[in-house]
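S.K.: Following the hints, position chain B against chain A.
Chains as they are written, first to last, in my numbering: chain A, 1 to 238; chain B, 239 to 476.
Everything labelled a hint here was simulated from the structure, so no lab data went into it.
From the three backbone atoms N, C-alpha and C, an ideal C-beta is built for every residue, glycine too.
There could be a bad hint or two in this list.
[Said to hold, decoys possible] Chain B side only, calculated, beta carbon under 7 Å to chain A, not exhaustive:
| hint | residue |
| --- | --- |
| 1 | 278 |
| 2 | 295 |
| 3 | 299 |
| 4 | 304 |
| 5 | 315 |
| 6 | 318 |
| 7 | 336 |
| 8 | 339 |
| 9 | 343 |
| 10 | 347 |
| 11 | 351 |
| 12 | 460 |
[Unchecked claim] Distance windows between CB atoms, simulated:
| hint | chain 1 | residue 1 | chain 2 | residue 2 | range |
| --- | --- | --- | --- | --- | --- |
| 13 | B | 392 | A | 114 | 37 to 47 Å |
| 14 | A | 238 | B | 473 | 53 to 63 Å |
| 15 | A | 91 | B | 398 | 20 to 30 Å |
| 16 | A | 160 | B | 351 | 28 to 38 Å |
Below, each chain spelled out in residue letters.
Number of protein chains: 2
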Amino acid sequence: MVNLFKKRPRRSQPSRAPRADQSPSINRVGLAQLTPELPRYLAHGAYLQLSLFETLSKAIIAAPTTKTKTAVSRVADVVLDRHHALSADLEREGLDAATAMEPFAASVTAFHERVHGADWDELLMSAYVVSGILDDCFVQLAGGLPGDYPERMTALLAGDEVTDALAAVLSEEISANPKLASRLALWGRRLVGDTLLVARSAADIPQDTATDDERLEPAFTELVADHTRRMDDLGLTA
Amino acid sequence: MVNLFKKRPRRSQPSRAPRADQSPSINRVGLAQLTPELPRYLAHGAYLQLSLFETLSKAIIAAPTTKTKTAVSRVADVVLDRHHALSADLEREGLDAATAMEPFAASVTAFHERVHGADWDELLMSAYVVSGILDDCFVQLAGGLPGDYPERMTALLAGDEVTDALAAVLSEEISANPKLASRLALWGRRLVGDTLLVARSAADIPQDTATDDERLEPAFTELVADHTRRMDDLGLTA
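Next comes chain A alone, as it looks inside the complex (with noise of 0.2 Å):
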């Protein structure tokens, strides 16, 4: 794991060599210099992604036709294995995944009914805006994992079947009713800050300290470009 905060004492697994193009003297900080301890990675993670998926149940039991409902049911499918991959390797570090994930299960559940919105279009673009973002920073923040976590963690997080099966449905919601776009640039406008909020208490850097914020700036930079790309594949306005 790479660590260029040497103030902080609490890391106890020995640093990772920076990479040839992360010369320390650089600063800016990317995500996977901010990567915390992985049994903290993975059960937040795999918080992240219940709750996510718990997000998805309500769109499916709202949704307004059969077909849509199915097609959203294959994206609880996918996020829900996320889910479980996720517990299982918790458990093969030898931790009770349940245990592990009890002390983010409040922020987790709390920031997901902060973004549920006022209805179905707004739930779903919720899904949409929130798996897109941290799905994005939980691949980057892998980086700093031991092992062969980098590369098992991108394989699970960084396809896009999940945005875009939700990109589909979305797309298809807008077409049918081309005055919800505007509201729901404005709604996913809203849940961007929320969003790089927990992206923030997922890496592994002190609450409210200014100066590590600044450098966490350029990951997050990135980080919404991706979103904004996100926003306009479904011709809306970041």
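M.R.: Just chain B, lined up with the frame of chain A:
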């Protein structure tokens, strides 16, 4: 497909010869002799699994602990996989899954909403009773399906992973709060009637035909006997 009721001309598929142990002269009807057309079987089954999944999703969202949330999420995953397997079979038969399921949406959703119960434990009990009886029913109905469907549907639906996992959660709930036992027993009894009506609607019999209902009796007695065994597993009187 075995069809003992010659009076119904709408069956277009060739009858299968009755098995040696199922003489048409015996006036008892197994569910394998009341198998509906394949598309109806698959579509009704697929929508029932989807609705059961929604019920389980509600149980996940409302779960009192991360541990129970995680346990129920594994059950939901199995049920969602069953839904997707049945949907895939519909597509393989050249049908659009969502369109094929549509005629069953309203009645199945109404059924599941009717059996939600008053709280988390009753919701979980509903999933236990409903999945137990209806998966049994669909395994038996599969006996009259063409091709390798009888074997494949048995492999898909006859496993005990759903009811075993739900029984484990329910048993812990009852151990932690013994007063629950009598309430859940009562609720379980309340569920059987409604669930058997769904089982009846899945079989290929004309609605409201008292004669056919009498003939169904032995098959239903068997479904109820298995239900009673599952309630016994929880230490509850059926």
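S.K.: Report the numbers of all earlier hints that the structure fails to satisfy, in ascending order.
M.R.: 1, 10, 11, 12
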